[in-house]
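Line by line, the protein sequences give chains A and B.
In terms of my numbering, the first sequence has 159 at position 159, counting the first letter as 1, and numbering is strictly consecutive.
In terms of my numbering, the second sequence has 149 at position 149, counting the first letter as 1, and numbering is strictly consecutive.
Hints may contain errors.
Identical copies go unnamed one by one, so any copy, or any two together, can satisfy a pair.
DSS-like mimics (lysine-lysine), calculated; alpha carbons at most 30 angstroms apart, straight line [as the list claims (entries may be wrong)]:
| # | residue 1 | residue 2 |
| --- | --- | --- |
| 1 | 83 | 208 |
| 2 | 208 | 73 |
| 3 | 83 | 73 |
| 4 | 169 | 83 |
In short, the hints are calculated from the structure, not lab data.
2 protein chains.
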Amino acid sequence: MQATIITIGDEILIGQIVDTNSVFIARQLNAAGVTVGERTSIGDNHAQIVAAVERALQQSQVVVLTGGLGPTKDDITKRTLAKLFQSEMRYDETVGAHVERMLAARGIAFNALNRGQAMVPERCTVLFNAHGTAPGMWFERDGRVVVSLPGVPFEMEHLMLDEVMPRLKARFALRQIVHRTLITAGLAESMLAERIEEWEAALPPYLKLAYLPNPGAVRLRLSAYEVDGRQVAEEIDRRFAALQRLIPDYVVGFETATMQELVHRMLTERGLTLALAESCTGGTIAARFTAMPGASAYLRCGVVAYSNEAKCDLLGVDPAAIARHGAVSEQVACQMAEGARRVAGADYAVATTGIAGPSGGSEEKPVGTVWIAVATPRGTVAVCRQCGTDRGQIVDRASAQAVSLLRDALREEEKAKISNE
Amino acid sequence: MQATIITIGDEILIGQIVDTNSVFIARQLNAAGVTVGERTSIGDNHAQIVAAVERALQQSQVVVLTGGLGPTKDDITKRTLAKLFQSEMRYDETVGAHVERMLAARGIAFNALNRGQAMVPERCTVLFNAHGTAPGMWFERDGRVVVSLPGVPFEMEHLMLDEVMPRLKARFALRQIVHRTLITAGLAESMLAERIEEWEAALPPYLKLAYLPNPGAVRLRLSAYEVDGRQVAEEIDRRFAALQRLIPDYVVGFETATMQELVHRMLTERGLTLALAESCTGGTIAARFTAMPGASAYLRCGVVAYSNEAKCDLLGVDPAAIARHGAVSEQVACQMAEGARRVAGADYAVATTGIAGPSGGSEEKPVGTVWIAVATPRGTVAVCRQCGTDRGQIVDRASAQAVSLLRDALREEEKAKISNE
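Given these sequences and hints, build the entire structure.
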């Protein structure tokens, strides 16, 4: 079954916001076996909304719209849909009472604008929005469905999960869609394609392969549409298992696996502990690890040592080393990592010190120069990396490189252990 | 002048990636005075690409496509466009030599797949991609332009800036588009609309007002299309100045201003210093401050004190306080903030300690409970906040609340100073 997603709002067309709503909606529809054929974004414009919905209804059984349901004058989706479905407006008592209650809890008076939130087209089923003031709406025409949801992500997500998906499953007989993704790192896209050419050629026609390059990784996704989900999932598992045997050193994991998830698993499984000493990455590495549930089991502490004083006072870096080599140097990176490891009593510690820009660069050490060190029970290693020219990019790449260096150190320990046994 | 953006790739339709490319392209086009009328995402499918481009050419003078230009079999945009523009393929020596050089630098052999990257349609102008192996393409038909760019964001961005925008400006006589956004915080959308009703009603018809609610903020955007940019920008400045006089306590700033930018400015201008002690926010507050150039001037240090040991050893929290009140408590939050302030010798310090979940909650302190403390030269304040149920959401909201509390403390100091003078 085919669906179209339409997101409404000038803010999307001028690039003021990133459209994450359609990402969430696409995932939910896919997981239930509904194929998204097209995603369109249009402005808060009557004629455009009508044209987009009419066109979508020609190619899809389900059309999901978000946005344009706010209380203010610039939001016109509700009035437009009422006209399109030739429907009068009525006041919905349940929605009205809910809006009044929600606002009262926040100390906000119920005014005419809020009262307007409870006006709904007669010919729609109201989808109750427990988390906001704009209700969702479900229209039907000739066996096809048009759903309109508010654009606030949190409210839209709850309405999709609690109202839209159960109704779609009840209304249509859905088949399944299967996507699985294997993450590789260390091989360029063209080299990877060459290496796995025979494996790719032998795939059955109902399995569609996609290469998705990322900085430092290439993801391989196998997809099958409208199939027996369980059987196909098993087939994909077999194909990916064969692939792993072909390129064992280059597989990072599956689905959205990241290098820090791999390290998270390695540390957790082996009961090792970690400390972080971040200068130029400013807490980003810590934030990435602590974003994963269970990080508290291994993360002893992180120190954001932006100033030289913090490097010396909190991490025991020798001021003379900073004076002699500069804060961005192999010596200081190593002392930061060793200091963090010692202070925290951790097995491993990672340190970064670099020039994130836009100022602070020199000819010898231009913006983007980053020293990364990993202190381990077997000694300390440090590398220097050029991480780009843009502040955000530098922090991002330096963080990724640091996690990668830690992974290498953890792998070495594993190998050393195995050869010792 | 009107443009359509088309992003190509199954990964967008299944919700595997967030489409940030069209955000960047829309911003660039808008800045040059080109109105984006529609944005569409379609799959790697010949018929869909042809239909989307043909439809876009009916409503727009400029069509920008991204994606589907990789070396592997799933990428079909180039072949499809060659057919659409009835063009044979030719080998481009310049592109070929560039691809070979790029790969050699990374130690990658030049294989048949890479050679294919240098095959281009005869009837297009090649847009040289200095940062990748897939060239951009510029087609023209009946005075309208179709541009095809690779989907890798970094490569697409450089091609937009270095090749596409200069050519568009040379090719068309463009008028200007002006967007300005004022950020408010502390007033719900409907209350804000009521407060500024007269101001809104008095806006000239060529200025379009949009309300954009965010968690904790409502943005007000004024837009004008195809106008004399300078004159309109001045008019918007006057309108916003009048608005600021209407709601002086609720304006945070302009454009993408955030609460941490406001705090960043307050700290910088007053020459104050800051220390951070993060437990549940795990480095996120530090990362948000250090993302801004100049943070090194005031950020003395940050400590990610995830473990109780780190709280005691690095921040001097009393173990007895943890034993008596728990790590998530007013007492521990205050001691963390005071400890960070003392250790770093900073003027202000912010601390967070909470339950980010998914485990660790109890009836008394459910997941999402966060204590936030701010230590100041005049004493320490602490608040308890319920920050949601999802780990990412909890970290996000707790970080925002912490910065907001710091802002309040900085404001109070300012007020106290003024009343003392």
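Right, here's what the structure says about each hint:
1. 83 to 208: Between copies only: 23 angstroms across chains, 41 angstroms inside a chain, cut-off 30 angstroms.
2. 208 to 73: between (45 angstroms within a copy, 10 angstroms between copies)
3. 83 to 73: Within one copy only: 17 angstroms inside a chain, 45 angstroms across chains, cut-off 30 angstroms.
4. 169 to 83: within (28 angstroms within a copy, 40 angstroms between copies)
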